[in-house]
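J.: For reference, the chains in residue letters:
Protein chains: 2
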Amino acid sequence: MSVSTSRLLPHTGDFQWAGVVPTAYKDSGDFQDVTRRVFVGDQEDLTAFHVRYFEVAPGGFTTLERHQHAHCVVGLRGHGEVVLNCQTHQMGFADVLYVAPWESHQLRNPHPAEPFGFLCIVDAVRDRPQSVTCD
Amino acid sequence: MSVSTSRLLPHTGDFQWAGVVPTAYKDSGDFQDVTRRVFVGDQEDLTAFHVRYFEVAPGGFTTLERHQHAHCVVGLRGHGEVVLNCQTHQMGFADVLYVAPWESHQLRNPHPAEPFGFLCIVDAVRDRPQSVTCD
Chain A
1 MSVSTSRLLP HTGDFQWAGV VPTAYKDSGD FQDVTRRVFV GDQEDLTAFH VRYFEVAPGG
61 FTTLERHQHA HCVVGLRGHG EVVLNCQTHQ MGFADVLYVA PWESHQLRNP HPAEPFGFLC
121 IVDAVRDRPQ SVTCD
Chain B
1 MSVSTSRLLP HTGDFQWAGV VPTAYKDSGD FQDVTRRVFV GDQEDLTAFH VRYFEVAPGG
61 FTTLERHQHA HCVVGLRGHG EVVLNCQTHQ MGFADVLYVA PWESHQLRNP HPAEPFGFLC
121 IVDAVRDRPQ SVTCD
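Taken in sequence, the protein lines are chains A and B. The first sequence begins at 1 in my numbering and counts up one residue at a time. The second sequence begins at 1 in my numbering and counts up one residue at a time.
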């Protein structure tokens, strides 16, 4: 197995990073206008976690879902909201969210002015999310 | 075992968070003017990782150390530098650093104007750091 060495991913401004290419958020599901960047976890990284940056364009939203693994979200860019157990909370810069196992959650950006970007830190070994509804 | 439920830790401005108390960085070692805040990992959290926020005051520095576990640093506040394998690199907002196993590292703040604050994400189960020198 090859093993990655240390690396510095410089933020080049406007929430772009040298050497980090935005990819599709997911292959399929009920979401809109979300991109994914992987900072830790897409190489031969030896951490028990992955660190990703998701960006939700104005009007966009992630899948409303639940799963066994807990995870953590930290706001970096703009403002948005989290629908947590079907209740809505505002989120912005440096707000920290811990989502416990099986609690439903969705990140949304209702603001027209700016993308809502956040770090999402998850276990490297994790179960697949299940889509749910709040109605 | 009790299990923590989801929680939102709002950033109340100026890099303070509601319900999060800054603590000492370490009990002992060669460091100066560093505080630690734990966002994930100090409760009955079920993640394979811990998320902490460290802040290095002007003139301060973390321990120059190495360890088996890899980890990730993301700049949040101000500017500073990382000494990685005895080479110095600048770090600022949203710069992402992956530190591979056994690579020596130290975070420093040579800037008089503002603290240098960063997220530090580590495995929940990890070995104890060893102090090293670059001379």
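Simulated from the structure, these hints should not be mistaken for lab results. Quick caveat: nothing in here was measured; it's all calculated off a predicted structure. Using N, Cα and C, we set each Cβ at its ideal position, and we do this for glycine too. Some hints here could point you the wrong way.
With the C-beta cut set under 10 Å, the calculated list includes, among others, these residues of chain B facing chain A [to be verified]:
(1) L9
(2) V21
(3) D33
(4) R36
(5) A48
(6) Y53
(7) C72
(8) R77
(9) N85
(10) C86
(11) Y98
(12) V132
(13) C134
J.: All the hints need checking, so say for each whether the structure fits it.
T.: Consistency of the hints with the structure:
no., hint, in the structure
1, L9, "holds (4 Å)"
2, V21, "violated (14 Å)"
3, D33, "violated (21 Å)"
4, R36, "violated (14 Å)"
5, A48, "holds (4 Å)"
6, Y53, "holds (8 Å)"
7, C72, "holds (5 Å)"
8, R77, "holds (9 Å)"
9, N85, "holds (7 Å)"
10, C86, "violated (12 Å)"
11, Y98, "holds (5 Å)"
12, V132, "violated (15 Å)"
13, C134, "violated (15 Å)"
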